[in-house]
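Protein chains: 2
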Amino acid sequence: MNLPRRLLCVITDDSTDPVELARLALEGGAGMVQLRRKKATGRELFQWAVRIQALCREQDALFIVNDRVDIALAMHADGVHLGQQDMPASAARSLCGPDAIIGVSVSCTDEALKAAAEGASYIGVGHIFPTFSKDKPTPPIGTAAIRTIRNAAQLPVIAIGGIDHDNAAEVIRAGASGIAVISAISESDDPAAATRELVKRIRQ
Amino acid sequence: MNLPRRLLCVITDDSTDPVELARLALEGGAGMVQLRRKKATGRELFQWAVRIQALCREQDALFIVNDRVDIALAMHADGVHLGQQDMPASAARSLCGPDAIIGVSVSCTDEALKAAAEGASYIGVGHIFPTFSKDKPTPPIGTAAIRTIRNAAQLPVIAIGGIDHDNAAEVIRAGASGIAVISAISESDDPAAATRELVKRIRQ
Ligand code: NI
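Protein chains in written order, with UniProt numbering: chain X, 1 to 204; chain V, 1 to 204.
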């Protein structure tokens, strides 16, 4: 499946109710929701995923699951997103078939080339700017890395890390197909409005 | 797939190298290895599973994965084992197909009936005796519960919890098809010998 251009992917955080967050993000026009909750049980993920999948279908938005390929398969979700500590993209591709969206987090060209060789559909490139959403001991890679990595891997880039309404357009101009955000939405007082604003900025 | 009678399932613990533990358990004659490592990343589980699957095939032993149906599918493993906090057995059955071994942990008749209705192949019943392997705030259910739960669910029982060479035969006499052990093997000075002794006791 081809990834839509100028896509906003909203990723659930570790404290907000993920179903409610997804609902507000979809209300704001997010094109993709990624369920990510590192410490949740399989049962919790399954139950959230059932509900988020239904919400995404209502809005014609894409739904992907972080790490847990089995949860994605059980939902007939659109795909999965894999970090460098998750199962190899090649294994996920075998399990999910040729049409699934398989995203892989990368922070350099080497990781991007490996993701491409293993059958990734897109690469999540970051972190672009300083961020406190995840533990990030490494420095931000900056917007110039987006085009370099994209051109090397020949895959669409979803940029992540410290992206907000002030820098989102710059990230798209730098060559990203879309952006992924966590705290810009989950920590907003009005997640639907924050999503709407980000969608507007990346479509400018 | 029918579960072999008088089966010894060795479950990996949270500290020992799971591949080495599996190797020794198989050397001692374990009929099944279950990869269980709650805090491991998907990548770690995948890499261990590749090696344990190969060892199990060499010894004609069964290999199942705890919780992560995707890892089991990627290995073409024999099946999965699900706790009450993992994805529903019905979803795992849909993903794995009719021939997969799907075990579900239960501690009472209600959970056992639900597991049976959802397509479980066996029930892991426990904990039978006092145990320190996992956090168990509930009291042990005792050997008499094995037959009660088995007869209600009409599924083979693998008993778990505090089972060692002194009480293994009693558990089989109480109606269990097999036993599952963690610390009895992983905390033994000689895991292969401890496995061999347990296999002998449950075949008496
Ligand atoms: Ni003794």
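Each hint should be verified, as a subset may be incorrect.
One copy or two, either will do: identical chains are not told apart, so a pair holds if it fits within one copy or between any two.
Computed list of lysine to aspartate or glutamate pairs in EDC-like fashion (alpha-carbon distance at most 20 Å, straight line) [claimed, not checked]: (1) 38 <-> 190; (2) 200 <-> 187; (3) 114 <-> 44; (4) 38 <-> 14; (5) 114 <-> 20; (6) 39 <-> 20; (7) 39 <-> 14; (8) 200 <-> 60; (9) 114 <-> 13; (10) 38 <-> 20; (11) 38 <-> 118; (12) 200 <-> 13; (13) 200 <-> 190; (14) 114 <-> 189; (15) 38 <-> 187; (16) 114 <-> 197; (17) 200 <-> 27.
In case anyone wonders, no lab produced these hints; they're calculated from the structure.
Results of checking the hints against the structure:
With identical chains, the CA atoms of residue 38 and residue 190 are never at most 20 Å apart, being 24 Å at best within one copy and 36 Å at best between copies. Proximity of residue 200 and residue 187 under a CA criterion of 20 Å is satisfied intra-copy only: 19 Å inside one chain copy versus 59 Å between copies. For the homomeric pair residue 114 and residue 44, the shortest alpha-carbon distance between copies (18 Å) is at most 20 Å, but the shortest distance inside one copy (32 Å) is not. In the homo-oligomer, the alpha carbons of residue 38 and residue 14 lie at most 20 Å apart both inside one protomer (7 Å) and across protomers (18 Å), since each shortest distance falls under that limit.
In this assembly of identical chains, the alpha carbons of residue 114 and residue 20 never lie at most 20 Å apart, being 35 Å within a copy and 29 Å across copies at closest. Within a single copy, residue 39 and residue 20 get their C-alpha atoms as close as 18 Å, which meets the 20 Å cut-off; across copies the closest is 27 Å, which misses it. In this assembly of identical chains, residue 39 and residue 14 lie within 20 Å of each other by CA distance both inside one copy and across copies; the values are 8 Å within and 16 Å between. In this assembly of identical chains, residue 200 and residue 60 lie within 20 Å of each other by CA distance solely inside one copy; the values are 18 Å within and 59 Å between copies.
Proximity of residue 114 and residue 13 under a CA criterion of 20 Å is satisfied in neither setting, with 27 Å inside one chain copy and 32 Å between copies. When the C-alpha separation of residue 38 and residue 20 is checked against a cutoff of 20 Å, the pair qualifies only within one copy, where the shortest distance is 18 Å, while the shortest distance between copies is 27 Å. In this homomeric assembly, residue 38 and residue 118 never come within 20 Å of each other (Cα to Cα): the closest approach is 24 Å inside a single copy and 27 Å across copies. For the identical chains of this complex, residue 200 and residue 13 are neighbours neither inside a copy (22 Å) nor across copies (50 Å), given an alpha-carbon limit of 20 Å.
When the C-alpha separation of residue 200 and residue 190 is checked against a cutoff of 20 Å, the pair qualifies only within one copy, where the shortest distance is 16 Å, while the shortest distance between copies is 64 Å. Proximity of residue 114 and residue 189 under a CA criterion of 20 Å is satisfied in neither setting, with 39 Å inside one chain copy and 42 Å between copies. For the homomeric pair residue 38 and residue 187, the shortest alpha-carbon distance inside one copy (18 Å) is at most 20 Å, but the shortest distance between copies (29 Å) is not. In this homomeric assembly, residue 114 and residue 197 never come within 20 Å of each other (Cα to Cα): the closest approach is 34 Å inside a single copy and 46 Å across copies.
Taking CA atoms no more than 20 Å apart as the test, residue 200 paired with residue 27 passes inside one copy only; the shortest distance there is 14 Å, against 63 Å between copies.
This entry does not satisfy hints 1, 5, 9, 11, 12, 14, 16, going by the numbered hints stated previously.
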